[in-house]
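Protein chains in written order, with this note's numbering: chain A, 69 to 397; chain B, 19 to 273; chain C, 1029 to 1338.
Worth double-checking, as some hints may not be accurate.
What the hints assert, rightly or not - Residues from chain A that keep clear of chain C, each with C-beta distances beyond 10 Å, as calculated:
| id | residue |
| --- | --- |
| 1 | His177 |
| 2 | Ala242 |
| 3 | Met369 |
Claimed, not checked - No more than 25 Å apart at the CA atoms, straight line, and that leaves these computed lysine-lysine pairs for DSS-like:
| id | chain 1 | residue 1 | chain 2 | residue 2 |
| --- | --- | --- | --- | --- |
| 4 | A | Lys73 | B | Lys139 |
| 5 | B | Lys160 | B | Lys140 |
| 6 | B | Lys166 | A | Lys73 |
| 7 | B | Lys158 | B | Lys147 |
| 8 | B | Lys160 | B | Lys147 |
| 9 | C | Lys1119 | B | Lys166 |
Derived from the structure by calculation, the hints contain no laboratory data. Positions of the beta carbon are idealized from the N, C-alpha and C atoms, including for glycine.
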Amino acid sequence: MASAKSRYWIALILVVVCVPLFVKSNYVLSILIVIGLYAIIVQGLGLLMGYAGQVSFGQAAFYGLGAYTAAILATKCDWPPVLCVLVAPFLPALVALIIGRPILRLREHYLVLATLGFGILAFAAFNESIALTGGPSGLTGIPYLSIGPLVLDNDRSYYYVVWGVLGLVILAVANLTGSPIGRAFKAIHASEQAAQSAGIDTALLKLQAFVFSAFLAGLAGGLYAFWVTFVGPSPFGFTASIEFVLMAVVGGLGTLWGPVLGSAIIVGLAEFLRWGVPILLPKVGGEFEIVFFGIIFVLIMLLRPQGILAPGRPSGMSGVAVKEEKCSG
Amino acid sequence: MLRVNGLTKQFGGLTALCGVGFVAQPGQILALIGPNGAGKTTVFNLITGVLQADQGEILLANKRIDGLRTFEVAALGISRTFQHLELFTTLSVAENVMVGAWPRNRASFLRCLFRRPGMMKKDQELYNKALGLLAQVGLKGKADWPAKSLTFGQQRLLEIARALAGEPQVLLLDEPAAGLNHAESADLAAFLRSLAERGLTLILVEHDMDTVMGVADQIVVLNFGTVIAGGSPSEVQQDPEVIAAYLGKEDDEVC
Amino acid sequence: MGAEGQHIQYLISGITLGSIYALIALALVVTFNITGIFNLAIGEFVTIGTLSAVTLRSAGCPDVPAFVLAVLIAGVIAATMERAAIYPARKASILTLIIITIGVAIALRGAALLIWGTHPYPLPPFVDTAPIALWGAVIIPQMLFVLGLAVVAVMLLFAFFDLTYAGKAVRAAMINRNAARLVGINPARLSLLAFVFSGMLAALAGIFIAPITTATYDMGFMLGLKGFVAAILGGVTNVKGAIVGGLLLGIIEAFAIGMLSSGMKDGIAMMVMIIVLLICPTGIMGLRIYNKRTGSWMVWLRQKVGTGSR
Ligand SMILES: Nc1ncnc2c1ncn2[C@@H]1O[C@H](COP(=O)(O)OP(=O)(O)OP(=O)(O)O)[C@@H](O)[C@H]1O
Ligand SMILES: [Mg+2]
């Protein structure tokens, strides 16, 4: 007999599977694909922020690294697409492994600025390594993803791929957060000193969360490359990194569904503003949406800083902040 | 057996510890006492690798452990509690204890990611073990409460349970009786004795002299970072220098 | 032009640009010391100040009043930002506050885009004489003028700190916020003052630099970030360090762009920032303080950030 929990999962899977049967518009499908891709990234970031208590304002760099790796392997080395998608996340994970140790020693503003700087550096590198990335004009000629004879060249089939992968990612994250490792992460977040005294190699665990988040961002990047079949630098800039953090926070840190909800809200909001603002305020140009975007973030942070799904007090780095206050003079 | 030799630690211009040495034997309770700022917590921080000593050595069963990092020291079987409570406030009472069991039940990231079979069963066993430990410190029935809902005194007991979960050889207790009432202190003292009888090495930092005198096998008195006396409770109580230190005589000993 | 002339050229353009970074870094450091908040919207105040000045000038306002007015406009917007978005959230977590300043930055950048569009605006140089040849280098007089203005601005700032009551209050609060509160300095008013001050200083920096570069709606973003790099180079909490850090960053950048490639211009600053953060997060000026206080920099960093966090 199915337990309540597995029934709830089956219902969710059914909804996800059925959506394309009712949605005929390619526009809506493509938005759902974007939400799915971002949700994959934000799942990793959410684990890093909500559980391990660290933050990264450079996730777009890992996203881009994954996309470029997949694109380069497919166009310059003629690897089969599926293999490219599977291999692509390993490069961002490796980069995260290398930079993670020193960067994660930093805290608060310093961590924010260091990861942000890394993101900008990577963005400059995407633009400048013209021989490899094609520079600002990007890489074209990426084939569609194909599994045997099945070529996934339309949004409907790609929707299933992305949301299927998202499902696996959510399962993996649920496994992690419900396991002794998830408990250890929460412990680190609550008191790093006590966690260390309990024998936890906190630096290693934080690094693992960071590498995992980079891996997921790279996975989304590889999927992205074979969806649009073109990779240029613009989606991997500083703004994207900030949006990922916002998605994680808005959805609710430390919750399983927060990342999905956060991605849906931010992507949906951007689309809504693009369409809605000109209708409501016909006189102003499309640029007005950005103003609203900024104001809405500020309002969310003022009114519900813990995000939509998380209960009670805000998490994020507040634990650290409160603790530090004790030592101030 | 935990041996500490010639520990010296400076914070900028302040000499927090100066040539401190003592030996803690298994099955015994060593009390480390001294006025505020004497350097007691600093000794714990040095033993557990939170801070590194400027000079001196720390040996566990005749092997140097100074220079190791905090989590490595813990893995060798040295657990501690904190003077300023450091509970995992976002976890439940039982989960706090389960995290404490980490040195003997290390989890691997990849195994957890794929939820290898048997993992959750092991975790259930860990939970049952945690219940047992909670019962020992008198927190029976509170296992699934949020840790932050406990009273101050209960939180101290939870810290002890958490420290014991790692099955340590050496237990460092930093003012465990602070915030406990008289009866609770007496219970705690009896519990600490029973731990010592099981063969644990206990080092106890405590301001409550009744508890200390009642429970300690050996006392080391620190003042301004130097050991000014040591011995059995009765010897220490009669030491004129200790009396002077506690009554607040100006002490101008320097390193 | 010989290699030596080339180097002098780099040095002078580096110092000029660096003096602008220094002003922005100064704005950041003072706000951080007083409020514990890194204002990630600082760059937008550079933009607003500059573009307001451009607009006022083209509306027929004479130079100096236009600049003063533009700086005041930036101050008013900064005050609004502090009251509407920062002050209500002053007890929130650091992450929340960072996101709030980013949200404000996005909104302000959108507003700038709405008002001024994407095309660049020129601001004519303050001094209109022919380039000077000096030791084989060609120097645009505006550069020297910018440098002079930056020096005057910093001197006025120090005079403000030393001579006025408000300045002394700010200094006191930068050293120890709690003590400042105890002696009756109103922290709420101080926070407002800090944001207004930093907004105005950033606007001033933008007006100085605009004739050399050009003014666009997104000019502030990178300038703001470079201000952060300069502040970090200088040790984040150190006012003099911010100035040294700014100049140093300008010089490093000028030489790197001249000798390597101009495409990595922004990458170089980021690289400098990451290297400094990883190797010596207390910055060039912070090193000495770090040695004196404790045995390890992590402890220092933690305490310092702690004191700066609320
Ligand atoms: N991390 C540190 N940095 C600088 N000074 C420190 C640090 N830790 C302790 N000290 C100083 O070292 C001295 C000894 O401190 P310690 O905490 O060991 O005293 P204690 O004996 O535990 O006192 P109490 O009974 O109040 O807990 C004190 O003067 C304290 O201010
Ligand atoms: Mg102490």
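Taking the hints in turn, this is what the structure says about them:
| no. | hint | result |
| --- | --- | --- |
| 1 | His177 | violated, 5 Å |
| 2 | Ala242 | holds, 24 Å |
| 3 | Met369 | violated, 5 Å |
| 4 | A:Lys73 - B:Lys139 | holds, 19 Å |
| 5 | B:Lys160 - B:Lys140 | holds, 21 Å |
| 6 | B:Lys166 - A:Lys73 | violated, 28 Å |
| 7 | B:Lys158 - B:Lys147 | holds, 12 Å |
| 8 | B:Lys160 - B:Lys147 | holds, 14 Å |
| 9 | C:Lys1119 - B:Lys166 | holds, 21 Å |
Violation of the numbered hints given earlier is confined to hints 1, 3 and 6; the remaining hints are satisfied by the structure.
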